[in-house]
Amino acid sequence: MPSADRRTIYEKSCCGRRAYSLPASDVPQIPLDELVPAGLHRACPARLPEVGELDLLRHFTELSTLNFGVESGSYPLGSCTMKYNPKINEVVGRLEGFAGLHPYQPESLVQGALELMYELEQWLAEIAGLARVTLQPAAGAHGELTGLLIMRAAHHAQRRDPKRIIIPDTAHGTNPASVIMAGYEPVAVTSDPRGGVDLEALKALLDDDLAGLMLTNPNTLGVFDENITEIARLVHEAGGLLYYDGANSNAVLGISRPGDMGFDVVHFNTHKTFSTPHGGGGPGAGPIAVRDTLAPFLPVPLVGKAEDGRFFFDDDRPQSIGKVRTFYGNFGVLIRAAAYIRGLGPDGLRRVSEMAVLNANYVMEGIKDLYDVPFERRCMHEFVASAAPLKEHGVRALDVAKRLLDYGVHPPTTYFPLLVDEALMIEPTETESREDLERLIEALRAVAAEAVTDPEMLREAPLSMPVRRLDEAAAARHPVLHQRFPEDGESCA
Amino acid sequence: MGRSVTDYVPHSELDVRTMLDAVGAPSIDGLFDDIPEAVRRREPLALPAGLSEAEVLGEMRRLAAANTPATGLVSFLGAGVYDHYVPAVVDAIVSRSEFATAYTPYQPERSQGVLQTIFEFQTAICELTGMDVSNAGMYDAGTALAEASLLAAHQTRRGRVVVSAGVHPEYRQVLATETVHTGPRPQFVDLTAGAATDFEAAKAAVDADTAAVFVQQPNFFGALEDLAGAAEVAHAAGALFAVVADPLSLGLLEAPGRLGADIVVGEAQAFGNAMDFGGPGLGYMAVTQKLMRRIPGRLVGETLDSEGRRGFVLTLQTREQHIRREKATSNICSNHALNALAALVHLSWLGREGLAELGLMCARKTAYLRQALLALPGVTAFTAGPVFREFAVRLPVPGAQVVEALVPLGFLAGVPAARFAAQFAGADLDDVLLVAVTEKRTRAEMDAFIAAVAAHLASPEAPHA
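Here the protein sequences come in this chain order: A and B. Quick note on the working numbering: the first sequence kicks off at 1 and runs consecutively. Quick note on the working numbering: the second sequence kicks off at 494 and runs consecutively.
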């Protein structure tokens, strides 16, 4: 690829060029100073780029070629479920009857949107094995915060105020961060030799101050915690509630429901499990499902259905925690999730999980002689391999990841979960073909071989990307977070 | 095993058999032996049976057709979500799967595309707001406001925030919900009779325990606030000054950073994003250099690669949950990157002249409609002073009634303020209508609208259709 320094769109800007067009003004040309008081009138224009429309398109098209999406190649990023994002979802998400809706239109004009939300709530409740759903949270972490606020409200309603939330040492980083935002105190519980929650360690943490436990099942090691019903019983007996981090739901759709495992609150990441695109960092959606006893505390509004069949926003919920997002959540994302669930139905969803688990086991089988697989058992939809055997050659998980880029696959998640040394967390997803899985296996095997024959090169990898390894330390030491303009420091006036 | 109608799984039965053999599993069922029978579900989920792609499209079209989108009517709805024209280039770019289907750019060597667009987005927000540092985007203005109050409390170690009642009532609801256990206590300050913030009341509310003063520009009722005056009130007490700014107004209005803001947050949906029934929009947050290490969310910085070439990376990640876990500044991971990209493309299309011209056009059209509405008998100003592209009027009849009556004529007259009454304790908002005018509205449409409102007010009971 070309190595010439890239320019930003601001550096391509040329005074007086334009892409925009606006209609001719058809109202009186009131002077600016009659519209805006002098002190509020902008003195210096915002230095937005001035480019022609084709130049604009070429700029962003070039940038897109420097990026890697699910359609570019395998993307086995553990815990992120980078499955195919069906094209039909994009078509339905752009239908004017959805995209053109304003949130404050009269309810009589948005009956189709309300029906979609009502149905999706029912479907997600059924998939979770719980009673009611809010679609409001904007992302998984936002769902976690919402769920914790609901748990706290439920404890308060019983005139209790316990403060501690138990989180396994394998948990996603969002779990402890969300616990803090909810005003709770996170307490770590260790894992047992099979990768599940250590029951004895758990028992030692149970006391009157227990508000609940957050768990991912299968967990971030890709293993299903066989003791889940016992864990649920212990936590409930101690007065706690169980929160299910649904990041790994792709393993158990229609096979095992969190509600049946004993969980009281569940969030789904629609951008993982239900095929809505990740967008390079959002928008996602993080709807949560709760047990019937927690339903009164859900955010407002919920969607209700009247006896005459009309749908309505139900704001009259006196025990609600309030609102966690403006309007009704990421509706445009939820349409895509609804289309996916409607297309797959119960059989399709189940097959998703079956094939996701088969694919992960197939890749694990293909590399486990070259990389350590710390838990000698079948994995679910993902597994954690360790690059520790390569350390004797001076090669680390980071080097493996960077070299995989040269083989045209996106690297796995690295250095997570924290309790596995040199972790490579691999989640192929169900939409990969056998040939692509084999290419991934071959790439991982080739890199392991190169670790022996050419470790020096691996530490320099990637070799074929638009840039080589970037100096992240310098970026943090001297942060340059926006364009520097030549005239910076001068007054525009 | 039976194939479902749709599942996007490529495997043939032979593939599945081959792979099962390779992993030494007797059957698909055998892959799930770790799941105890007590929590194994043996019956199918109670969901509607799967559909083909064509059937899904048909079903979704049926639901979409059961709506009447605001974009199909002559709409004056605003209140935080605006119907501006989105140029065709936006969808052309955000539809590219390399942007749309990528994950957060954790592998910078293969993610330079999205990293550079975030850098360019941060630049655009800094330019618009006049601030030093912008993050990569937030969920929405409500959650950005909540995060800003937490930031202010941490920075000042103070226990309260003073929030103008001119801040969007839903943003205030989100603030109250999300920070109830950990954040500073919000204290709301009423508006004057002209719908601008009562700065005398604000001054009285601010004290040595005030972490920040929050004012929205333009405020919920469209009024332009005296930001410099508000900054003085905040800074005199050692509090931060935080502005909820509509970024589309900032081609015309002074940058909050030049009027004393320490934090600027807001909703940037109007740039490049459909209304989408209110979500996903695009929150943003920008701060002064001093607050850089406290800003939540993603930040992209410029650096060099090992051969001295320019590149971009996620930076200052020690603020974030995936590194710091319980010590993070926030639990936020997502930055609504695709919405931020849409905003960047739209802003690049407008350019510096286009944004200013667009703002002026909105302000002039708004002034035209406002004058005409206020000339109708019984219609009085609720927002008294200068406005940008939205204002509120008091009608002689309930606002919701006018909205209902004009729908059959093809108009969405505005947002009745009464639906927010609970967030404006004690205020009589039954007859108040919030009216927004974007560049999409033509003079002919506005003239027809005025005539329809006049006819309705003249004989509220008569059918007009």
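Among the hints, a few may not be true.
Unchecked claim - Below are the SDA-like pairs computed for lysine to any residue, each with C-alpha atoms no more than 20 Å apart in a straight line:
#1 Lys87/A with Leu809/B
#2 Lys933/B with Pro479/A
#3 Lys87/A with Lys783/B
#4 Lys783/B with Pro479/A
#5 Lys87/A with Gly551/B
#6 Lys87/A with Ala515/B
#7 Lys368/A with Ala515/B
As the list claims (entries may be wrong) - Just the calculated beta-carbon pair ranges, DEER-fashion:
#8 Ser545/B with Pro486/A: 51 to 61 Å
#9 Asp683/B with Phe313/A: 42 to 52 Å
#10 Thr61/A with Ala918/B: 45 to 55 Å
#11 Pro519/B with Glu62/A: 24 to 34 Å
#12 Lys820/B with Ser433/A: 20 to 30 Å
#13 Gly52/A with Thr564/B: 53 to 63 Å
#14 Glu230/A with Lys820/B: 23 to 33 Å
#15 Asp169/A with Asp527/B: 36 to 46 Å
#16 Ala937/B with Lys305/A: 52 to 62 Å
#17 Thr685/B with Asp5/A: 15 to 25 Å
No lab work stands behind these hints, which were simulated from the structure alone. Built from N, CA and C at the ideal position, the CB exists for glycine as well.
Verification of the hints:
no., hint, in the structure
1, Lys87/A with Leu809/B, "violated (35 Å)"
2, Lys933/B with Pro479/A, "violated (40 Å)"
3, Lys87/A with Lys783/B, "violated (44 Å)"
4, Lys783/B with Pro479/A, "holds (13 Å)"
5, Lys87/A with Gly551/B, "holds (15 Å)"
6, Lys87/A with Ala515/B, "violated (32 Å)"
7, Lys368/A with Ala515/B, "holds (13 Å)"
8, Ser545/B with Pro486/A: 51 to 61 Å, "holds (57 Å)"
9, Asp683/B with Phe313/A: 42 to 52 Å, "violated (27 Å)"
10, Thr61/A with Ala918/B: 45 to 55 Å, "holds (52 Å)"
11, Pro519/B with Glu62/A: 24 to 34 Å, "violated (51 Å)"
12, Lys820/B with Ser433/A: 20 to 30 Å, "violated (42 Å)"
13, Gly52/A with Thr564/B: 53 to 63 Å, "violated (28 Å)"
14, Glu230/A with Lys820/B: 23 to 33 Å, "holds (32 Å)"
15, Asp169/A with Asp527/B: 36 to 46 Å, "violated (20 Å)"
16, Ala937/B with Lys305/A: 52 to 62 Å, "violated (40 Å)"
17, Thr685/B with Asp5/A: 15 to 25 Å, "violated (54 Å)"
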